[in-house]
Amino acid sequence: MRVRFAPSPTGALHIGGARTALFNWLLARHEGGELVLRIEDTDRERSTPENVEQILDSLRWLELDWDEGPIMQTDRDDRHREALAALLDADLAYRSGATAADVKQFKDLYGAERGFRGRPEQSGAVRLRVPDDGATVVHDAIRGETRFEHVHMDDPVIARADGSVLYNFAVAIDDLDARITHVVRGEDHLSNTPKQLLALEAAKAVGLGEGAPLPTYAHLPLLHGPDGKKLSKRHGAASVGELREAGYLPAAVRNYMALLGWGAGDDRTVLSTPELVERFTLETVSRNPARFDEVKLRWLNGVYIRSLPPQELLEHVRSYLDHTPHAGFRDDPRLPRAVEISQEKIHTLADFWPLSGALLDVPVEDAKARERWLDERGRATLAQAREALAALQSFEEEPIAAALEGLVERLAVKPREVYQPLRVALTGTTVSPGIFESIALLGREQTLRRVDGALAAATVAGN
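Residue numbering for the sequence shown follows numbering that gives the first Met the number 0, beginning at 0 and increasing consecutively.
The hints are all genuine.
Keeping only pairs whose Cα atoms sit at most 20 Å apart, straight-line, the calculated SDA-like set for lysine to any residue is:
1. 367 <-> 379
2. 367 <-> 427
3. 344 <-> 356
4. 229 <-> 190
5. 229 <-> 288
6. 295 <-> 305
7. 228 <-> 286
8. 295 <-> 343
9. 413 <-> 370
10. 228 <-> 290
11. 344 <-> 333
12. 203 <-> 167
13. 413 <-> 385
14. 103 <-> 115
I should point out that these hints are in silico values taken from the structure, not numbers from a laboratory.
When you get a sec, could you build the whole thing from the sequences and use the hints?
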């Protein structure tokens, strides 16, 4: 088995394209086959080296490797022209100067359902001859058979007047030469398939790709948002790069994307990559549109984060911080413990700094939190908490917990009446890892200094 992933470098690798890459990768690895990476850069105005590198970087981040490539489609221009000349010589293609207005006039005369046939000329664009009768049948591994009656098909333009070939012809020749056995791509390409099959058959008729198979096609269902509408940026992250920036783990993204239009058959949601490889087949891909829901992805990512060994999560957090303004804290000796006490509360790597950053840096400024918890009563409670903490011989989590729990009991208040003023004093906000773990991480000196500063500031503000 030989499959290919062939993105166009006209922008970032979007989620639909990433799912296509994943399904091809899973199929190749399941079957012990090979994955060819081809960059279809024939749109020279919008294709850029920066977009190519962005796509490659996204695939590397997803940990989807390839066996051949990347092959640049434009590097094969001579081969495309050679194949085009062979079809022209065999009268399987012809030059035509017909314009869009000529095609419209033909449709007006013979009906919109009648395929356009041009007259051979000495110059002009190149059209592929479509047989007058019969049909091209697409045998789709997911959708079943789809017939395209030739009487309804226009002779497709496969090259410009200057001899530069168009997408459908270049793809057909590339798939033939690479001996691709399975073309797995989005449903939006279904209308291209009969044109590519006709080009493949014409190429084989003139002796190109001798012994190469006609590919089996599989068109993946469309991706929708949670509202059932076509997936777009309004639904959240639209590209792999945005998922990476949002702090998702590659393994969680692979797991979630695999479930978009495919099921393991036993309603399991959390599947390791080896399990996905073992179970994946085209026969179990659905024909129905799949719904990408970032809320579900976020939940699944949280499951993955909580399952990681602390050291592995630490490395993920460090790599993530490298691309943020907080990169200077990646080697902070307190970071490993900060990550460890945050693990149960975060769903993405991006959640780490808002939750725990104030323990490593300085308290944030949350005026509403200070107003809510450092009023006169809160300051009085905070002063008593300081006294209890300052009296401790050991500033470890267990004695800290015993002291503060004892204070809660003596004051006969709810725990939050003690813990929230402390949390606001230490971090500036009401959100942090566990209060005992946070205090132990800050240490005696820093904890008492922050409490004193908060008491002084709140007293001035209260007056």
